[in-house]
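Undergrad: Add 45 to a position in the sequence shown, counting from 1, and you land on the number used in the numbering used here.
Hints may contain errors.
Stated by the list, open to error - Estimated spans, in silico, between C-beta atoms of each pair:
hint, residue 1, residue 2, range
1, 173, 128, 16 to 24 Å
2, 149, 115, 25 to 33 Å
3, 64, 150, 15 to 23 Å
4, 190, 167, 36 to 44 Å
5, 113, 190, 38 to 46 Å
6, 116, 192, 35 to 43 Å
7, 167, 194, 42 to 50 Å
8, 179, 89, 17 to 25 Å
9, 168, 112, 28 to 36 Å
10, 189, 112, 35 to 43 Å
Please keep in mind that the hints were generated in silico from the structure rather than gathered at the bench. Being a predicted model, the structure only gives us computed values, none of them experimental. Each residue gets a CB set at the ideal place from its N, CA and C atoms; glycine is no exception.
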Amino acid sequence: MRLAIELAAGTDTGSAATSDVPVGAVVLGPDGAVAGRGRNECLATGDPTAHAEIVAIRQAAIALQSWRLDGCSLVVTLEPCTMCAGALLNARIRRLIYGTADARAGAAGSLWDVVRDRRLGPPVEVIGGVLQAECSALLTRFFERRRTE
Numbered sequence: 046m047r048l049a050i051e052l053a054a055g056t057d058t059g060s061a062a063t064s065d066v067p068v069g070a071v072v073l074g075p076d077g078a079v080a081g082r083g084r085n086e087c088l089a090t091g092d093p094t095a096h097a098e099i100v101a102i103r104q105a106a107i108a109l110q111s112w113r114l115d116g117c118s119l120v121v122t123l124e125p126c127t128m129c130a131g132a133l134l135n136a137r138i139r140r141l142i143y144g145t146a147d148a149r150a151g152a153a154g155s156l157w158d159v160v161r162d163r164r165l166g167p168p169v170e171v172i173g174g175v176l177q178a179e180c181s182a183l184l185t186r187f188f189e190r191r192r193t194e
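Please model the entire structure based on the sequences and the hints provided.
TA: Written out as structure tokens, the structure is:
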């Protein structure tokens, strides 16, 4: 989760944070090694699908040379939306670890529970609230700055 927080904050590269919402994600391979990493890039790239989770999943699929990410875990600072929840189901990721819940768009138990809906396939193991205060603070600071600009 610490790496996902660094990605969200932009501190992993020393670069200034973009105007994208600060969300970071990491895919851990079956061996626990980082297979993919991402941060929100929607505004930076003009791609509405460039959520942190999607970026990390794409990198992991390339690194592991398979779209089936069996045995992998997704670690993300914010509970995934429905698009990202669908992507992790399609990638066959079986464990989701997230920092802070998203009451507005969360699809892992807050608003919807896409990842555990048995009609869509085997349920994903969900572990929420990991370093929640730190993950939430990133978002709070970002939106406070945005309101003052």
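Undergrad: So, for every hint listed, does it hold in this structure?
TA: Tested hints:
A beta carbon spacing of about 18 Å between residue 173 and residue 128 agrees with the range 16 to 24 Å that was offered as a hint. Separated by about 31 Å at the C-beta atoms, residue 149 and residue 115 satisfy the suggested range of 25 to 33 Å. Hint check: residue 64 to residue 150, Cβ distance near 19 Å, so the stated range 15 to 23 Å holds. About 40 Å separates the C-beta atoms of residue 190 and residue 167, a value consistent with the hinted range of 36 to 44 Å.
At about 40 Å, the CB distance of residue 113 to residue 190 agrees with the hint of 38 to 46 Å. Between residue 116 and residue 192 the C-beta distance comes to about 42 Å, which sits within the given range of 35 to 43 Å. Between residue 167 and residue 194 the beta carbon distance is about 44 Å. The supplied range of 42 to 50 Å therefore holds. Between residue 179 and residue 89 the beta carbons are some 23 Å apart, a value that agrees with the proposed interval 17 to 25 Å.
Between residue 168 and residue 112, the C-beta spacing of about 20 Å breaks the proposed range 28 to 36 Å. One distance hint, 35 to 43 Å for the beta-carbon pair residue 189 and residue 112, holds here, with the actual separation near 39 Å.
The structure shown violates just one earlier hint, number 9.
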